[in-house]
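Participant: Listed below are the residues making up each chain.
Number of protein chains: 2
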Amino acid sequence: MPEFLELLPPGDALDLYLERIHVQLPAEDIDSRQAHGRVAYQDIFAPHALPAFDRGSVDGYAVRALDTHGASDSLPAYLQLVGEVRMGESAQVAVNSAECCLIHTGGMLPQGSDAVVMLENTQVAKPGEIEIYRAAAQGENVIRTGEDIQQGEIVIPGGKILNAADIGGVLALGITRIQVVRKPVVGIISTGDEIIPPEEDILPGQIRDINSYSLAALVESAGGRPHNYGIISDQEEPLLTTARQAVQECDLVVITAGSSASNRDLTAGVINKLGQPGVLVHGVNVRPGKPTILAACKPEGAQYTKPIIGLPGNPVSALVIALLFVEPVVDLLLGVKPKRLRNFIQAQVSVNLSSSSGREDWIPVKITAQDHQYLAEPIFGKSNLIFTLARADGLLHIPAPATGLDSGQKAEVLLF
Amino acid sequence: MPEFLELLPPGDALDLYLERIHVQLPAEDIDSRQAHGRVAYQDIFAPHALPAFDRGSVDGYAVRALDTHGASDSLPAYLQLVGEVRMGESAQVAVNSAECCLIHTGGMLPQGSDAVVMLENTQVAKPGEIEIYRAAAQGENVIRTGEDIQQGEIVIPGGKILNAADIGGVLALGITRIQVVRKPVVGIISTGDEIIPPEEDILPGQIRDINSYSLAALVESAGGRPHNYGIISDQEEPLLTTARQAVQECDLVVITAGSSASNRDLTAGVINKLGQPGVLVHGVNVRPGKPTILAACKPEGAQYTKPIIGLPGNPVSALVIALLFVEPVVDLLLGVKPKRLRNFIQAQVSVNLSSSSGREDWIPVKITAQDHQYLAEPIFGKSNLIFTLARADGLLHIPAPATGLDSGQKAEVLLF
Chain S
63 MPEFLELLPP GDALDLYLER IHVQLPAEDI DSRQAHGRVA YQDIFAPHAL PAFDRGSVDG
123 YAVRALDTHG ASDSLPAYLQ LVGEVRMGES AQVAVNSAEC CLIHTGGMLP QGSDAVVMLE
183 NTQVAKPGEI EIYRAAAQGE NVIRTGEDIQ QGEIVIPGGK ILNAADIGGV LALGITRIQV
243 VRKPVVGIIS TGDEIIPPEE DILPGQIRDI NSYSLAALVE SAGGRPHNYG IISDQEEPLL
303 TTARQAVQEC DLVVITAGSS ASNRDLTAGV INKLGQPGVL VHGVNVRPGK PTILAACKPE
363 GAQYTKPIIG LPGNPVSALV IALLFVEPVV DLLLGVKPKR LRNFIQAQVS VNLSSSSGRE
423 DWIPVKITAQ DHQYLAEPIF GKSNLIFTLA RADGLLHIPA PATGLDSGQK AEVLLF
Chain P
63 MPEFLELLPP GDALDLYLER IHVQLPAEDI DSRQAHGRVA YQDIFAPHAL PAFDRGSVDG
123 YAVRALDTHG ASDSLPAYLQ LVGEVRMGES AQVAVNSAEC CLIHTGGMLP QGSDAVVMLE
183 NTQVAKPGEI EIYRAAAQGE NVIRTGEDIQ QGEIVIPGGK ILNAADIGGV LALGITRIQV
243 VRKPVVGIIS TGDEIIPPEE DILPGQIRDI NSYSLAALVE SAGGRPHNYG IISDQEEPLL
303 TTARQAVQEC DLVVITAGSS ASNRDLTAGV INKLGQPGVL VHGVNVRPGK PTILAACKPE
363 GAQYTKPIIG LPGNPVSALV IALLFVEPVV DLLLGVKPKR LRNFIQAQVS VNLSSSSGRE
423 DWIPVKITAQ DHQYLAEPIF GKSNLIFTLA RADGLLHIPA PATGLDSGQK AEVLLF
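In the order they appear, the protein sequences are chains S and P. Its first residue numbered 63, the first sequence is counted upward by one per residue in our numbering. Its first residue numbered 63, the second sequence is counted upward by one per residue in our numbering.
The set of hints was computed from the structure by calculation and includes no laboratory data. Treat the hints loosely; a few may be bogus.
Identical copies go unnamed one by one, so any copy, or any two together, can satisfy a pair.
Below 35 Å or equal to it, Euclidean Cα-Cα: the simulated DSBU-like pairs (lysine-lysine) are [claimed, not checked]:
1. Lys428 / Lys188
2. Lys360 / Lys188
3. Lys222 / Lys360
4. Lys335 / Lys401
5. Lys428 / Lys360
6. Lys335 / Lys472
7. Lys352 / Lys188
8. Lys188 / Lys472
9. Lys428 / Lys335
10. Lys188 / Lys401
11. Lys399 / Lys188
12. Lys335 / Lys399
13. Lys399 / Lys360
Owing to the predicted nature of the structure, the values given are computational and were not obtained by experimental measurement.
Kindly produce the complete structure, drawing on both the sequences and the hints.
Facilitator: If you want it as structure tokens, here you go:
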């Protein structure tokens, strides 16, 4: 495997890889209420200002600020009460000089008024007359028209992953339908003569498929739509046939290789037959996950080059590589901008850990929390088996330059 | 509002509140492939060991370790090749003394063998004879039956939120259906005479509903099922009727109050009419979100006491309180154990921020990342409007004892 001679660090491999993929997925028009977690296709502009009218921000009396000038406990201002602003309606009266109007939090400021005096700083002197104990500045306790957003301003920039506040925001503007990027379809192919579907009984020598399903779950939470092509035997022809179909039908194809070296070479060979440019990176300087394949091809009739990723068969390796490569490629396909804030926490390592300088390590850890301090305890498994991962809360990161971590040292943990 | 006289810190209020709610939601039987993010109803046990047979973990030759004793480059051991283990099948031959068998990574160990010598440490001496250059210890490069998990061992503990690795794990054991906790139904009631549905045009004094939809998005991502009861006017009778229906139909009811004080008192009054014990906490020492109501009631015919939460009307307050109280209550209803690792990052504050000692503050911030260092820049809005939130990446936490944060100081940010 000459490709392994010069292994790239994962960050460099990813940068090199993303540069080669240029894809713009089309938009999809959906109900804004269903848009949580989706990605805005383009900038969304405010059709009108918000708030659409001057509003009071406290319970009190709408006044002309000038009329309260110098008002204090010992020398209150006396204003004539001309009415009450009912919630959800415009004020029926205007506030003229030496007048005031009762207003509730969020109510529309009556014409003529320019400030609100809080209820706590007032008293009813006699029916129809209000004592004001505090001077109000112009605009005090008022939210001006357009203070939240101006008409024509960008509400949501294109490429943003829509969160709960965004959904509320667009609906506040009456935007009930929204253009989001179509979910990238991620084809998943499992190879291996020993692999069988989970619903079958295992015979000696067989194991059930793991990676297809853990990968599908990961693709879904990253915002993609997994499409499972089933289990393909370790032979060139059936794998090539399925891979050709997958690159036609999907936006990204992930092939989880069998675990033997010959099987990995088979995957690389098949990928190179799918089209140009083929395998771009074969082997990454990371543990676990070294035998990763990063590739791309432009199938016949396709408008753009499609990414293809070959994952190692070991379930821990497959998950690490999916987090390091599959998720960023899904984000690229979705046009996510800015980069997703990854779910890293800082944790203290419970034991000494060694690592080769120049190689990134990702170690499954269990996290325990004690008053905002996290302790990361590595879960050692002889061969990084699936329940090593199921027992872990995340992966501890030992960066490439480090030769290890000392017990008690802080490190980053990528949570699942 | 005498309840405000003694405000509890949010953590104490939550503890007091959770103690009063005892709910066990029923199980739901679903396809394991659809279980990502769901909560295991009870402990799941391994129906058989995994791996189900001794496997080789490298490409090489299966041997009896004893036969390789003392083998080296200068003095290799010579073993007779008796066959090859094909992937997915049991070995057709046994390995006797002075014999070996070709095996691929993941292949089933042939009878009689107890170790695997890596291909790199061997050479074909002549057809049918293999030179071994390295001694193998018993069990070397072998994954023993049950090393991943033993029959009857707990695979997934009840209360665990199922992640990608868990899905792979249960399917590896052939567990294609799984019992998860039914999603809690969260009733959402919006009140306010000024509030209209998002699809309607706004008239002077009106604003569109925000909180129902941002809250629904948050409930969904927390693992609940939102049920929207629409917008109810600021009067006791309609609110009481809707709230009565909601506590019957839902597992948790959230009422987003209008913003005025009278409206909040209306909410508390209605909740107290729903049943015992009624309002438990009215007002929490947090900014924003002070006028929060934490309540519970046992409606007629119900088997258990149901939680009811009154949220402030301001969108930022509503979201903060939803994160601090609604999410933990959803987790309680789901029986999530251990506590969810919240999505906190450490960030440097870009400016000086002041805070009252004894009060927790949550400030919307924009996060920028520079080589694994995060900078948190507060987004100041006069009245915490919705687009303050939509522009933010998370909420910066100023703990109760602090009187503020200095520019450059590190603090925790809860990401959206």
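Participant: Next, verify each hint and record whether it holds.
Facilitator: Status of the hints after comparison with the structure:
| no. | hint | verdict |
| --- | --- | --- |
| 1 | Lys428 / Lys188 | neither (68 Å within a copy, 50 Å between copies) |
| 2 | Lys360 / Lys188 | neither (83 Å within a copy, 45 Å between copies) |
| 3 | Lys222 / Lys360 | within (28 Å within a copy, 42 Å between copies) |
| 4 | Lys335 / Lys401 | within (33 Å within a copy, 49 Å between copies) |
| 5 | Lys428 / Lys360 | neither (42 Å within a copy, 39 Å between copies) |
| 6 | Lys335 / Lys472 | neither (46 Å within a copy, 52 Å between copies) |
| 7 | Lys352 / Lys188 | between (83 Å within a copy, 33 Å between copies) |
| 8 | Lys188 / Lys472 | neither (67 Å within a copy, 54 Å between copies) |
| 9 | Lys428 / Lys335 | neither (42 Å within a copy, 46 Å between copies) |
| 10 | Lys188 / Lys401 | neither (61 Å within a copy, 57 Å between copies) |
| 11 | Lys399 / Lys188 | neither (60 Å within a copy, 60 Å between copies) |
| 12 | Lys335 / Lys399 | within (33 Å within a copy, 49 Å between copies) |
| 13 | Lys399 / Lys360 | within (25 Å within a copy, 47 Å between copies) |
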